[in-house]
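Engineer: These are the residues of each chain, in order.
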Amino acid sequence: MGVHVPDGFFNAPTSVATGLIAAGAVGFSLQRANRELRETGPALAGLTAAFVFAVQMVNFPVGAGTSGHLLGGALAAALVGPWTAVLVMSTVLLVQGLLFADGGLTALGTNITLMGLVTVLVGYFLTRALLKVMPRRVGSVVPAATVGALVSVPVAALAFTGLYSIGGAVDIPLAKLATAMVGWHILVGIGEAVITATVLSAVVATRPDLVYAARHLQQDLVLVDADGNSSTVSPDRPIGAQPAGRSLGVGIAVTLVVAGGLSLFASAHPDGLEFVGGKLGFDGAAKDSAVAGSPLADYGVHGIGNTQVSGALAGIIGVLVTIVVGLAIAKLASLRASKAS
Amino acid sequence: MFAYPDGRQALFGVDFTVERGERVALLGPNGAGKTTLVLHLNGILGSVAGGTGSGRVQIGGTGLHREHLGEIRRKVGLVFQDPDDQLFMPTVRDDVAFGPANLGLRASELDDRVHEALVQVGMQDHADLAPHHLSFGQRRRVAVATVLAMRPEVLVLDEPSSNLDPAARRELADILAGLDVTLLMITHDLPYALQLCERSLLMNGGRIVADGKTRDLLADADLMSANRLELPYAFNPLSVPGPEH
Amino acid sequence: MFAYPDGRQALFGVDFTVERGERVALLGPNGAGKTTLVLHLNGILGSVAGGTGSGRVQIGGTGLHREHLGEIRRKVGLVFQDPDDQLFMPTVRDDVAFGPANLGLRASELDDRVHEALVQVGMQDHADLAPHHLSFGQRRRVAVATVLAMRPEVLVLDEPSSNLDPAARRELADILAGLDVTLLMITHDLPYALQLCERSLLMNGGRIVADGKTRDLLADADLMSANRLELPYAFNPLSVPGPEH
Amino acid sequence: MSGDGLLVAVESPVHRIPAQVKLVALFIFVLAVVSTPAAVFWAFGGYAVMLLAALVTAKLPAPVVSRRLAVETPFLVFALLLPFVATGPQVSVFGLQLSQSGVLGAWNVLAKGTLGVIAAILLSATTAPRELLAGLERLRLPATLVAILSFMVRYLSVVSDDLHRMRVARESRGYLGGRAGQLKAVAGGVGVLFVRSFERGERIHLAMQSRAYTGRMPQLSTHGASQSQWLVGLAIPLAAILIAIAARVVGL
Ligand SMILES: Nc1ncnc2c1ncn2[C@@H]1O[C@H](COP(=O)(O)OP(=O)(O)OP(=O)(O)O)[C@@H](O)[C@H]1O
Ligand SMILES: Nc1ncnc2c1ncn2[C@@H]1O[C@H](COP(=O)(O)OP(=O)(O)OP(=O)(O)O)[C@@H](O)[C@H]1O
Ligand SMILES: [Mg+2]
Ligand SMILES: [Mg+2]
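Protein chains in written order, with our numbering: chain A, 1 to 341; chain B, 1 to 245; chain C, 1 to 245; chain D, 1 to 252.
A few of these clues could be false.
Stated by the list, open to error - No more than 25 Å apart at the CA atoms, straight line, and that leaves these computed lysine to aspartate or glutamate pairs for DMTMM-like:
| hint | chain 1 | residue 1 | chain 2 | residue 2 |
| --- | --- | --- | --- | --- |
| 1 | C | Lys213 | C | Glu19 |
| 2 | B | Lys75 | D | Glu202 |
| 3 | C | Lys213 | C | Glu171 |
| 4 | C | Lys75 | D | Glu11 |
| 5 | B | Lys75 | B | Glu109 |
| 6 | C | Lys213 | C | Glu198 |
Stated by the list, open to error - Restraint-style ranges between C-beta atoms, simulated for each label pair:
| hint | chain 1 | residue 1 | chain 2 | residue 2 | range |
| --- | --- | --- | --- | --- | --- |
| 7 | B | Glu19 | D | Gln227 | 58 to 64 Å |
| 8 | C | Asp174 | B | Val209 | 44 to 50 Å |
| 9 | C | Thr17 | B | Val57 | 32 to 38 Å |
| 10 | B | Val209 | A | Ala129 | 49 to 55 Å |
| 11 | C | Gln124 | B | Phe16 | 29 to 35 Å |
| 12 | C | Gly104 | B | Asp211 | 48 to 54 Å |
| 13 | D | Ser66 | A | Ile190 | 32 to 38 Å |
Keep in mind that the hints were calculated from the coordinates and are not lab data.
C-beta atoms are modelled at their ideal positions from N, C-alpha and C, and glycine is treated no differently.
With the hints as extra help, turn the sequences into a complete structure.
Structural biologist: Below, the structure written as C-alpha cells:
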C-alpha cells in the first residue's frame, strides 16, 4: 500500500483485528530481535528506520492523480533481518502517525500490518528463497532482494484490497479495486526495486558484513601475522539464530485467538457507517456480517442492551486491548531476553 | 591481526605493554593503523566485538573477553579522532552526562561532574547547545569532556590536539599532565608528544617498528625519515625539556 | 553579518580584500567564525544561498550573485575542515574526477588530471578504495586532491594540515608554495602560517581584529594572548625565515 | 528534519503540557472521532470547534497547519472518487450519477481523516521530538522501540545533513546537474550515503559503548505530569468522548 491509511478508513473491527495482528507481530519481533539488536545496537536499526523514512518521502505519481511512495520493507529486512525490520517499519509508521500526521493513529495497526509485516515478510522470505538457488556469493543478495522488493509491494496492495473487502467502509467493486491497486503498485514496486538494488549494491561493495540476509555467504579471510605467516579467519557471523521454538507458536496462537475472538465479537454489530446507512435507508451498502448468526453475535448486547453504545465500546475496548496485549507481550519478551542473557 | 570487514588487513601483529601510570605516545604516518589499534583496546574492533581478527588484550589484569567488556570499557576512556563519532545527544550537557549517568551517577553529583568536565575544556557556556551546531574545535573539546567526565583509569586519545586553537592545546596538555591516569595518545604533533609522554611507540604498516624514549626516537633521524616523521621547522628535541624534567 | 538558522549570530561585520596571487592565513580561536566566513566565499552560506545575513562578496571582479554562482564555484576551490564534508563518491578516483569532469574534461585528459592530483597528495595507491574506508589523514589528503584537481584560481583551505603526518604536512606546504593561486588558509598551526603566508587575518568573536604581516602579528604578544594564540614550545617567530625569504 | 523537527517554537499553554498527556489526549480524541457515526454531522462540528480552539490556544499559524494538511491529499483523491465507483443505490446530483453510500463514505473518510490529521499536527507542532520520546518512555513503550526511535529521530538529521553536505560538496565542485553521466554518479551517491550514515551510526554506537552504555538510555530528564496537567490536557478528549457517546445514544 503506497499510501498510509488514515483514521476511519476501515471499520472498527478491521482496525481492531489488524491492530491485534500488528501488536502480536511487534511483540514477537521484539523478542526475536533482541539478540540481533544487542549485537548491532539500536543505532543501526534507528538509522535504517531513518533511511526508510527518508525513502518513504520520495513520492511519485502513479496516475489518476494519486501518488505512491516507496515502502522500504524488503530493503530493511535484507539489511537488519526480518524481526528487527518489523520493528523498524513500526517505528517509522508510529513517527509518521504521531509527528507527521501521516496515517491515522487508530489505523496504525492496519498500516503496520500492510506496510510493516507484509512487505517485510514477503520481501525477506522471497530473498532467502532466491538465495538458495543462486550462486553462493554475497553479491547474489542484490538481485534476490531486488526481486523481493519488486514483489512485496503489489502483494501489500493485494493485502490492502483483501482488507478492504472485509472491512472497507464503503462497497466498491473488488475486482476493479484490486486491478487498480495492483496495477499502480507494480509501478511503485519497480521504484522500490531500483532503490533496493542501488543501496544494497553499495553496501555489498563496501560492507558485505552488514547485509543480514547474506551473512551466511561471506567468504573466509586470510590474515598475515608479523612474521608473514598467514592464517584463515572466518568473518563476522551472525550470533546463532535462535530457533523459533515454542515462543513463535505461542505468540501467533495468542494473537490469532485474541484477534479472531475480538473481531468476531466486534463485527457481530453493525459498525457506525452501516448503522447510519440503515437509518438513512440505503441499506444496500451494508454487508451482512458473515457471523451474524454465530453464538457470539448476541454477546455484546447483553451487558449494555444498546447496540449503538456497545458497538462504540467494542471499538474502544478493542484498541485498548490491542495496546495491553502488545505491551504484555513486549514485557514478557524483555523479561525472557534478560533471563537469557 | 585484524582485517576490516571489506577485507583490508590493517594490523599485522602488534605486541606491547604499558605500565600503570605510564604516558605513552603512539606515532606513525597516516594509515599506519594507529586508530585501528586503539579501537582494539576497549574491544570496539576485533574478535571480542564479533569482528575479524585474532590476538589478546589485557587491561589491569583483566583479559578482554566478552563477559568483561562492560568493566573494561568503564576503565578505558577513548576520545575518537572524529568528534562527530563521539557526540550523539541533543545537547552538549546531555552528551557529557551520558557516560557518568551510565555509571550510576544521579542528580547533583551528576551535574557537578558534568560541569567540572565542561569547565576543564572551557565549554561551560555552550552546555545547552546542540553538539552539531558547534565549530569543529568546539566539538573536539566537548568530545574530550565526555571522556574526562567518566574519570577513566586508562585514557586513550586519538589526536586530541588537532583542530584545537593553540591556547586550548596547551590547556589540554596541562589537564592531561595533571591527571593521574595511564595515558596513550596518538598524535602527529611531535613536540606535543615529547612534552607529555616520556615513552613513544612508532607504528607503520600495521606493525610497531620502534618503542622507546620519545626523545631518543625523535632524535633518531634515520628512523624518523623512514616513517614519514619530521620535526617542525626550527625544533630541536634535545634542546627542550620533556616531561621527565 | 550572518546568523545560523538556529539564530546564533556568527559573523558581526567582516571586511577585507585579498589581492590576486596573495597568500593569506586566517587565524583565530575555536568558534571565532573562521569556517563560517570562508563558507561565504563561494556562496555556501549567506544570503546568496538563501540564508540570513547581509553583505557582499566579490571574486575577481564578479559579484557573488545567484546567477554567477556556478562560475564562482569553479574559480574558488574550497577544502572543508571536515573531509567527510568533501568526499561523497563511491571511490577515491571518482571523487577526485568529479570536479574536473564537471569542468568538461574527458577520457585521458581527465585520468591524467586525477592521477596527477592523487600523486601530489601521495594517495595514488588508494584510488580504488571507498573514501569512507580510509584513515582520517588519508581522507584529508584526498579532500585536498579533489580541489587541486580542479586547478582553481582561488584556493581556500580550512585547516588543511590537521591530522596529516609531519611529512605529508611538509609535502602539502611544498605543493601550496609551488602553486600559482590566490590562497586563503585557516590554520591553528602558527609556524605553518608563518612558513606559507606573508599576510594574516586574525578573527575573534565574528570580527576581524587584526590584519597584517604574519610575522608582526605573531610577534605581538599582547594581541596573541588576547586571542588565545600561543606559539609552540620553543619557537621564535623572529628567528626563522618566512615565505618572503 | 533537523534538530527540533516540526516544533513551532512559541510559548503557549499547549506547549507546556507534558508530552505523555498530549499523547494520551491525542489517542483518546482520535478514538472518539473514529467511533462516531458518519451521519451525525453535528458531532463533527463539535470536534472541529474544539480542535480549532486548541489550535488557537497553541498559537499555531494557519498557513503552517494548512501546509501540513497536505499529507491527506492521496486520500482526498480517493474520497472524491468514491461516489463514482461505489455500488449501491444511486442518487443524481447536478446530473451526475453518484452512489449514496459512496457520498457518505467520502464524507466519512474526509471528516475523520482530517480531524485526525489536525489533531496530530497539534501534537507535533507543540512538542519537541525529545519530549515526545520522553513521553513515550513514560507511557511504557518498550525500551527497544524507544531506543530505535530515538536513534531514528537523531539520524533523520544525520541523513538529511549528510544529504545536504553531499549537495554542497557537489555544487562547490562545479556540478550544475543534468548530464547523464553525472546523474549516474549522483544516483550511486544514494548507496554511498547509506553506507556512510550506516557506518557513522555504527561508530556512534561504539562510542556509546565506550561510555558504559549497556542498551538502556539513561532516563531522559523529565518529570511526571501533575494531576492538574492531566486534567487540562484531557479536557478536550473527554468532551470528545461525551460527544461520541451522545452521538451514539441520541442518534440523529
Ligand atoms: N573502515 C575501514 N574499512 C576498511 N579499511 C579501513 C577502514 N578504516 C581504516 N582502514 C584502513 O586501515 C589502515 C589503517 O587505518 P587507521 O585509521 O588505523 O590509520 P591511522 O594510523 O589512524 O592513520 P591517520 O593518522 O591518518 O589517522 C589504512 O590503510 C586504512 O585505509
Ligand atoms: N551549524 C551551526 N549552527 C549554529 N551555530 C553554529 C553552526 N556552526 C557553527 N556555529 C557557531 O558559530 C560560531 C563560529 O563557528 P565556526 O565554525 O565559524 O568557528 P571556527 O572559527 O571555524 O572554529 P574552529 O577553529 O573550532 O573550527 C561558533 O560559536 C559556533 O558555535
Ligand atoms: Mg587515525
Ligand atoms: Mg572551523
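Engineer: Each hint: holds or not?
Structural biologist: Against the structure, the hints:
With a C-alpha separation of about 14 Å, the suggested pair Lys213/C and Glu19/C falls inside the 25 Å cut-off, and the hint holds. With a C-alpha separation of about 21 Å, the suggested pairing of Lys75/B with Glu202/D holds against the 25 Å cut-off. At most 25 Å may separate the alpha-carbon atoms for a hinted pair to count; Lys213/C and Glu171/C meet this at roughly 24 Å. With a C-alpha separation of about 46 Å, the suggested pair Lys75/C and Glu11/D falls outside the 25 Å cut-off, and the hint is violated.
Annotation: proposed proximity of Lys75/B to Glu109/B holds, straight-line Cα distance about 20 Å (limit 25 Å). Only pairs whose Cα atoms come within 25 Å are accepted, and Lys213/C paired with Glu198/C is accepted, the gap being roughly 6 Å. Against the hinted window of 58 to 64 Å, the Cβ-Cβ separation of Glu19/B and Gln227/D comes to about 60 Å, which satisfies the hint. Taking the beta carbon of each, Asp174/C and Val209/B are about 25 Å apart, not inside 44 to 50 Å as hinted.
Checking the proposed 32 to 38 Å range against Thr17/C and Val57/B shows it is violated: the Cβ atoms sit about 56 Å from each other. For Val209/B paired with Ala129/A, a C-beta distance near 52 Å keeps the hint of 49 to 55 Å intact. At about 32 Å, the CB distance of Gln124/C to Phe16/B agrees with the hint of 29 to 35 Å. Hint check: Gly104/C to Asp211/B, Cβ distance near 52 Å, so the stated range 48 to 54 Å holds.
Hint check: Ser66/D to Ile190/A, Cβ distance near 33 Å, so the stated range 32 to 38 Å holds.
Against the hints set out earlier in the document, violations occur for numbers 4, 8, 9.
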